Amino acid sequence: MSKMVITGVVVAVTVLAASCGSDKAATAPSDGNVATIEVTLTDGGCDPAEISALSGATTFHVINEDSAAVSEFEVLDGTKILGEVENVTPGLDRSFSLTLKSGSYITQCTGGSKEKGTLEVADAGSGKSADPAARDAAVKNYLTYVASESKLLVAAVAPFADAVKGGDVDKAKSLFAAARYHYESIEPIAESFGDLDPKIDARDGDVPADTWGGFHRIEKALWADDTADGMSKVADQLVADVNTLDGSIAAIVLEPAQIANGAVELLNEVSASKITGEEDRYSHTDLSDFAANVEGADAAFKAVQSLLASSDSTLATTIEGRFKDVDTALAAYKGDDAVGNGYKLYTDLTPENTKGLSTSIDALAEPLSRVAALVLQ
Amino acid sequence: MTGAHPAGDTPPSDQKSPTLSRRRLLGVAGATAVGGLAIGASTAAVIATRDDDHPSSGVVVPFRGAHQAGIATPAQDRLLFASYDLSATAERDDVISMLKEWTLAAERMSQGDPVGEPAASEYSPPTDTGEAEGLHPARLTITVGFGPGLFTLDGKDRFGIADRRPAALIDLPSFPRDELDPARCGGDLCVQACGDDPQVLFHAIRNLTRIARGTAVIRWSQEGFGRTSSTTSSQSTPRNLMGFKDGTDNLLSDSAEFASNVWVTGADDPGWMTDGSYLVARRIRILIENWDRSALNDQERTIGRTRDTGAPLTGTAERDVVDLDAKDASGSPVIPVDAHVRLANQDKLGIHILRRGYNFTDGLDPRVGQLDAGLFFLAYQRDPRKQFVPLQTNLAADALNEYIRHVGSAIFAIPPGARAGDWIGQTLFT
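Protein chains in written order, with my numbering: chain G, 96 to 472; chain P, 265 to 694.
I should point out that these hints are in silico values taken from the structure, not numbers from a laboratory.
Watch out, some of these pointers could steer you wrong.
[What the hints assert, rightly or not] Each pair of labels, with its calculated beta carbon distance range:
{"hint": "1", "chain 1": "G", "residue 1": "D265", "chain 2": "P", "residue 2": "T416", "range": "48 to 54 Å"}
{"hint": "2", "chain 1": "G", "residue 1": "D320", "chain 2": "P", "residue 2": "S361", "range": "51 to 57 Å"}
{"hint": "3", "chain 1": "P", "residue 1": "T393", "chain 2": "G", "residue 2": "E373", "range": "22 to 28 Å"}
{"hint": "4", "chain 1": "G", "residue 1": "P227", "chain 2": "P", "residue 2": "T393", "range": "32 to 38 Å"}
{"hint": "5", "chain 1": "G", "residue 1": "K196", "chain 2": "P", "residue 2": "D629", "range": "51 to 57 Å"}
{"hint": "6", "chain 1": "P", "residue 1": "E553", "chain 2": "G", "residue 2": "D265", "range": "51 to 57 Å"}
[Unchecked claim] Derived coverage of chain P by chain G (criterion: at least 3 residues anywhere in the stretch with Cβ under 8 Å from a Cβ of chain G; other residues may be distant):
{"hint": "7", "stretch": "377–383"}
{"hint": "8", "stretch": "471–479"}
As the structure is a computational prediction, the values presented were derived from the model and not from experiment.
We put the CB at the ideal spot given by N, CA and C, even for glycine.
Given only the sequences and the hints, what does the whole structure look like? Please build it.
Laid out in structure tokens, this is it:
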């Protein structure tokens, strides 16, 4: 089990008030990029005189087309000069860069009829003025998905538990991966309820042996011991636990950034345990879990995608393309056997196969990890 | 000078540069250590130190220039080499943007700076992975190469550059006694990171690999320690894992013969490779246990030199001439007919390469409980068809073959360096 990132009902993200002016604003510095602010020196002073920007690395590109009166531009914090360019005479342009922190600064174009201007820097993490309605809609969309998966989980666990209790090992085996699927698709949500995930999804050794229950306890009995004997109580408890989970969904409060982080968390689950075959070490049904994690990540990303600014469209396109690449890679390992829930068993894969799958997950998770900061609100 | 302690102790208070810069703090330290030499002001590919054997780790090797750094650069102490496969879904534009990003990142890291500007938000993963913060630039050089698979893979012209593949970028032929492991061979791209601090090298490869995600993945990698050749006249000859001085007979970057044997010129085809070079990499495992139980005189007759001084068997000092015609009292050659120095003798063959290899160990070979160690051979040259291939072919009868196995192999075209504003590979793709 990994440490969880999402905290279910506790809102972990501080929401700061946004104060974006209507003047020319800098483009948001996304990861690795530097925002550029253009300032023109005029006889009247700095143009624009009032600048709004987001915190982070920022380049000031200072242009003098034809002002004889003004040839320098300064950014000041009180009286302290943070950055400046001088001798920008008509026809010249010069640049300088600063890493801006949020706050109020002064701009100065000495010699202009109005020398001083303002620079308001909002925190990039919270300064985006995404429409609150859009934000609420994004969260609602995702929670609808979570609730739907949770219902499917309850519905899939019931016949599995019945087969276990009835001692039908073969039938239980054929229902195992399908029962897990809808848990794996919303795993970070389940993990946010501290005690539920260990009860439902602990692997051998994760918890004291005498308290070990859940999916993997039954998996071990079915595959390693070839019996369902003694598993009735474990099956009953599993049914109770997934119902508890289902009953808790309605109370969940989420931030868009948590949803985006949850998507990355799901892919980390794939990298850490599914691709190594450690998750379902007796049944080897890891690819079904893999597919569920990816489906859950896709649902989370799609929910928050509408919050990305148009300037982030390249990132969104990249992520969409890489989800497709993962789907294509996974589609090569479809299988007919009921045990695999539509996929081949992990043991049917060569190291070359797992390397290819792992690579496609890494390629997707890297750009996806940049989304959370961009949808913060 | 009090300012010469490692960065990280005192964050700079100047608000203009809230980013801790290894370069700014340590460039000063480096300059002090080498006697006031101006850092970064030189346009030469290499900043010489007073004694290349004891470099100041604060020294920055300029990344930009006509040639890529890491070739003529005096061999640093450490290597981390990575070979990459381009992903099946990568397109031409993906490769180009990766090379552009690599160029900027490599330039920054070689100066001791983080790979990019800090992320705008604490809710983003950090732009730089951070483990080199506070470390010296360590003479880091990053050298990028292009393997045959970049041009054509399984007969497919993936990026529209199949017709630009240099004829000299051959698929290496099989050599007698090759025992190549496909998992340690080939690659569409390579990055050679050299420097004096293994953590700086790890940081460099890690961050370039991160940038490459979705476009390229590491196929194999090799760590190296202890350079196995001297590459300038001021460096002393180091010893390889056989205990012998290695690389006495090497092209030296400050010699007259260097340029014409290493750099591709405008007279060579194709034009985009002008000022580039070709790299052959071979992972040569030494059968350490067998070597260790060989008698000293057997070892010395295998190499053709004495172990103690490195002198040829026909001389008394390391640099004495290797006299291949000398006979002993019984009329037999003093240097045996199958000795390594005879068969690998570059003067006799009229072939010269720059050897820039490193010792390596990957611990124990669990199958046999023996050390997995040897020489990671790196050779730079103007045309492998005329240099590495005939040299290696001539080693078929080498007595040394009894103690070594070539288990990995790759060849790369090393494009010219990136001048200001350019990117590595620009001459190929534009």
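These are the hints, each one checked on the structure:
Separation of G/D265 from P/T416 is about 51 Å and conforms to the stated range, judged on CB atoms against 48 to 54 Å. Range check, G/D320 to P/S361: about 53 Å between beta-carbon atoms, so the 51 to 57 Å window is met. P/T393 and G/E373 have their C-beta atoms about 25 Å apart, which keeps the hinted 22 to 28 Å range intact. The beta-carbon spacing between G/P227 and P/T393, approximately 35 Å, falls within the hinted interval of 32 to 38 Å.
Under the hint 51 to 57 Å, the C-beta atoms of G/K196 and P/D629, about 54 Å apart, fit the expected range. With their beta carbons about 53 Å apart, P/E553 and G/D265 fall inside the hinted range of 51 to 57 Å. With 4 residues having a Cβ less than 8 Å from any Cβ of chain G, the stretch 377–383 of chain P passes the three-residue criterion, so the hint holds. A stretch counts as covered by a chain when three or more of its residues have a beta carbon under 8 Å from one of that chain; for the stretch 471–479 of chain P and chain G the count is 4, and the coverage holds.
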